[in-house]
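Chemist: Counted the way full-length UniProt numbering counts, the sequence shown spans residues 1 to 285.
Hints are supplied without guarantee of correctness; some may be wrong.
[As the list claims (entries may be wrong)] Pair ranges (Cβ atoms, derived):
| id | residue 1 | residue 2 | range |
| --- | --- | --- | --- |
| 1 | I19 | D262 | 17 to 27 Å |
| 2 | D21 | D262 | 24 to 34 Å |
| 3 | V84 | S15 | 29 to 39 Å |
| 4 | P101 | A256 | 14 to 24 Å |
| 5 | E170 | A256 | 45 to 55 Å |
| 6 | E264 | E109 | 39 to 49 Å |
| 7 | R86 | D21 | 18 to 28 Å |
[Claimed, not checked] Below, computed lysine to aspartate or glutamate pairings styled on EDC-like, alpha-carbon distance capped at 16 Å:
| id | residue 1 | residue 2 |
| --- | --- | --- |
| 8 | K214 | D30 |
| 9 | K214 | D66 |
| 10 | K87 | D66 |
| 11 | K158 | D231 |
| 12 | K107 | E67 |
| 13 | K214 | D224 |
Since the hints were derived computationally from the structure, they do not count as laboratory data. Backbone N, C-alpha and C define an ideal beta-carbon position, used for all residues, glycine too.
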Amino acid sequence: MSDLDLSPTQLDRYSRHIIMDEVGPEGQSDLLDSRVLVIGAGGLGSPIIQYLAAAGVGTIGIADDDEVELSNLQRQVIHGDDDVGRKKVDSAAEYVETINPDVDVEKHELRVSPDNVEDLIEGYDFVIDGADNFETRYLVNDACTLAGVPFSHGSIFKFEGQITTFAGGEDSPCYRCMFPEAPPAGMVPNCATAGVLGVLPGTVGCIQATEAVKFLLDKGDLLDGRMVFYDALNMEFDTVEITKKDDCPVCGDDPAIDSVHDVEYTASCSIDGTAEEPEIEASDD
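Could you build all of it, start to finish, from the sequences and the hints given here?
Modeler: So this is what it looks like as C-alpha cells:
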C-alpha cells in the first residue's frame, strides 16, 4: 500500500498521524501493512489491542484460550458484562471491529505451547507478550529469540509494572539474560491472590503498544537493553540497563537452547531442572 492508496476516509481517520513528520502517509501505510501478534487478551492485552487497532495496525493476531470472567472486568477493558462466559479471542475481535474496520483480526484460540509457538509467531513483524505466567514468558522469549522475531515484554503486580523490548539485534539481550530461570513455583503470587490496581495494566500495556508502533515505524529509541519499572503507588518510573550475557542459555556465545523442545516449560523453565534462585519478577493477570 502506497500513500496514494489511502482512501479519503483513511486520510481523515489517521490525519493526526499523517501530519506528523515522523509518520506521514508512508508511515501510516506501513502500519496498515504490518502484522502484530498479541499473546493474551487480558489485563495487558486489552489496552495493547485497543491502541494497536486505533493506530491502524493492519493485522492483529490474538492468542488466548481463556473465557471472560466477571472479575476480569475491573481491568480488562475490551470486555464487558455481556461478554462474560465468551472466549476472550471472540470478545476481543468483536471489540476491534467496533474500533477500526481497517484492521483484520487473526484469532488463535489456544494456549501457547512448545508444539504451536513456532507456527504461531511465524509471519508476524512484532510480538507482544501479555502473558500471565512464567512458563509462557520463557517460551515466548525462547521462540522469538531463536526465530529472530522482536518482541515486547510486560508484567504487572499490585501497584507495580515492568516493560522492556527485545529487538533481536546482535547486541540485544533477551529475557533469560535478566532472569535465566523462573522463581520456584508459588514464590510469586499471581493477581488472583495478591490483587492488582485496575488501571495499572492500562499504563503498562500502552507502553508496550507504543514500543510496537515505534518499531513498525522505525522511529525513536526502543527499550532494547533497558527495562522500565513503574511504581503507580508513588508515581515513579525507574530505568535499569539490561546487558546481553555471554553465558545466556539462549542468546549467548554457546547457547544450550537450540529449540523450544529443549526446555520443559514448567517450574523453573530450565533445560536441566536445576535452578539458581533469580530475582523476583512480577506476575500479570
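Chemist: Going straight from one Cα to the other, do K87 and D66 come out at no more than 16 Å?
Modeler: 6 Å, holds
Chemist: Within 29 to 39 Å or not, the Cβ separation of V84 and S15?
Modeler: 37 Å, holds
Chemist: Okay, I19 versus D262 on CB: inside 17 to 27 Å?
Modeler: 49 Å, violated
Chemist: Do E170 and A256 keep their Cβ atoms within the hinted range of 45 to 55 Å?
Modeler: Since the Cβ atoms of E170 and A256 sit about 20 Å apart, the hinted range of 45 to 55 Å is violated.
Chemist: Does the beta carbon distance between P101 and A256 stay inside 14 to 24 Å, or does it fall outside?
Modeler: Once the Cβ atoms are compared, 47 Å apart, the range 14 to 24 Å for A256 and P101 is violated.
Chemist: Note whether the CB distance of R86 and D21 lies within 18 to 28 Å or breaks it.
Modeler: 42 Å, violated
Chemist: CA of K158 to CA of D231, is that 16 Å or under?
Modeler: Holds: K158 and D231 sit about 10 Å apart, inside 16 Å.
Chemist: Indicate whether the distance between the beta carbons of E264 and E109 respects the range 39 to 49 Å.
Modeler: Since E264 and E109 have Cβ atoms about 24 Å apart, the given range 39 to 49 Å is violated.
Chemist: Check the hint pairing K214 with D224 against an upper bound of 16 Å on the C-alpha distance.
Modeler: 12 Å, holds
Chemist: Between D21 and D262, is the Cβ distance one that fits in 24 to 34 Å?
Modeler: 46 Å, violated
Chemist: Is K214 within 16 Å of D30, Cα to Cα?
Modeler: 11 Å, holds
Chemist: Hint check: K107 vs E67, CA-CA at most 16 Å. Holds or violated?
Modeler: 14 Å, holds
Violated hints, in rising order: 1, 2, 4, 5, 6, 7, 9; the structure is consistent with all others.
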